[in-house]
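**Q** Could you put together the complete structure from these sequences and hints?
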Amino acid sequence: MIEEKNTIPQVIKNEIISNFSSIVRDYSEIALDEFIESDAINKLPIVGTVYSLYKFGSAVANAFFAKKLLIFLMQLKNNAMDENTKNILILKINSDEKILEQTIIFLNRFDMEWKSKILANLLQQFVIGNFNWTEYCTVSQIIDSFTFSLLLITI
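Residues 1 to 155 (my numbering) are what the sequence shown spells out, left to right.
Wrong hints could be hidden among the right ones.
What the hints assert, rightly or not - Each computed PhoX-like pair below joins lysine-lysine, with the alpha-carbon atoms no more than 25 Å apart: (1) LYS77 <-> LYS67; (2) LYS67 <-> LYS55; (3) LYS67 <-> LYS98; (4) LYS67 <-> LYS86; (5) LYS98 <-> LYS55; (6) LYS86 <-> LYS55.
Unchecked claim - Restraint ranges, calculated between C-beta atoms of paired labels, are given here: (7) ASN121 <-> ASN94: 34 to 44 Å; (8) MET112 <-> TYR54: 15 to 25 Å; (9) VAL139 <-> LEU69: 15 to 25 Å; (10) ASN84 <-> SER58: 34 to 44 Å.
Treat the hints as calculated values from the structure; they're not laboratory data.
This structure is a prediction, so every number in the text was calculated from the model and none was measured.
C-beta: ideal position from N, C-alpha, C; glycine also.
**A** Given below as structure tokens:
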């Protein structure tokens, strides 16, 4: 099995990637808090409601992304990948950060959980060479644009 490099830049990169959304959320909440805490704005009753709705919406979006990510990872785990395929996956992700970045972007954009399973299968097919990078991105975009109503039309 291939060992991951634990160099300082890699550790920092991993921490930034794993904490990026919470960092952005924290700083945006600080800016929003500063705006709301001003005396003139604070007297408007609608501001408190808007702020509460914003926080609620952020929590729902984060929970939905976490669920899609979990489904994606479980599908990767459940796929019958041999050790060689797993090593190739790790190698590709470590050698080209755009693979992980673009996959996370697609996961975040997906509006339905089942798309996460398809993306996991697609990533595996990309890793074993059945798709090139352009095809992986194109098919992922098609999955993203696919709606349930289109499925009902074809049935």
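**Q** Which numbered hints does this structure break?
**A** 5, 6 and 7
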